[in-house]
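Visitor: Listed here are the chains, written in short residue letters.
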Amino acid sequence: NAGVTQTPKFQVLKTGQSMTLQCAQDMNHEYMSWYRQDPGMGLRLIHYSVGAGITDQGEVPNGYNVSRSTTEDFPLRLLSAAPSQTSVYFCASKTPGATYEQYFGPGTRLTVT
Amino acid sequence: SQQGEEDPQALSIQEGENATMNCSYKTSINNLQWYRQNSGRGLVHLILIRSNEREKHSGRLRVTLDTSKKSSSLLITASRAADTASYFCATVDNTNAGKSTFGDGTTLTVKP
Chain A
1 NAGVTQTPKF QVLKTGQSMT LQCAQDMNHE YMSWYRQDPG MGLRLIHYSV
51 GAGITDQGEV PNGYNVSRST TEDFPLRLLS AAPSQTSVYF CASKTPGATY
101 EQYFGPGTRL TVT
Chain B
1 SQQGEEDPQA LSIQEGENAT MNCSYKTSIN NLQWYRQNSG RGLVHLILIR
51 SNEREKHSGR LRVTLDTSKK SSSLLITASR AADTASYFCA TVDNTNAGKS
101 TFGDGTTLTV KP
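Respectively, the protein sequence lines represent chains A and B. Everything in the first sequence is counted per the working numbering, starting at 1 for the first residue and increasing by one. Everything in the second sequence is counted per the working numbering, starting at 1 for the first residue and increasing by one.
Just so you know, nobody snuck in bad clues.
In silico SDA-like cross-links for lysine to any residue, where the CA-CA straight-line distance does not exceed 25 Å:
# : chain 1 : residue 1 : chain 2 : residue 2
1 : A       : Lys-9     : B       : Gly-40
2 : A       : Lys-9     : B       : Thr-84
3 : B       : Lys-26    : A       : Tyr-100
4 : B       : Lys-70    : A       : Arg-44
5 : B       : Lys-70    : A       : Gly-97
6 : A       : Lys-9     : B       : His-45
7 : B       : Lys-70    : A       : Glu-101
In case anyone wonders, no lab produced these hints; they're calculated from the structure. All values reported here derive from a predicted model rather than from experimental measurement.
Based on the provided sequences and hints, a complete structural model is requested.
Guide: Spelled out as structure tokens, the structure:
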């Protein structure tokens, strides 16, 4: 199993550009989530999904869109990039429910200039 | 705001010593989990403790949970240089989805 994969690993955007961060998992997990991690800080939840066709907002959703058309994929779209969105983005997946661990991808390091 | 707050922010010890990290949180939880993050990598799950448990062990890891004080601690015994990493607590809520909220982490350096 590849687990959770994310592309690209690194990305530089100019202010105002849009882009999509890709996330895929091959563990048949219904629950997927996106986090951002700023330097020296923990992870903050952006959006999450409990299954195909179902998405919901997390703690910091502004400026980001998600969709979940398949169980495997959960892309994160930045609509109009801003310097405040410079961060490392992590995708994670798990079985829905409280007592399950999350499996994380390797992250995408995004810089917005 | 973050649910979990950890202290210390940074901890530096010698190989063979024990390392203790603490996590405090604010609201009711279903369980609390600890994760490890090596520099530049994703998080890896270490251990889960349910809200009705007080202590749990896994190898060199010992986790305690005090729901009355809304706090948890992670003890790593006989530390090794390979334990150098950041450690995060994550509280999991009681919703069907089981969303996690992460603390800011403790950066542990184990000197050989």
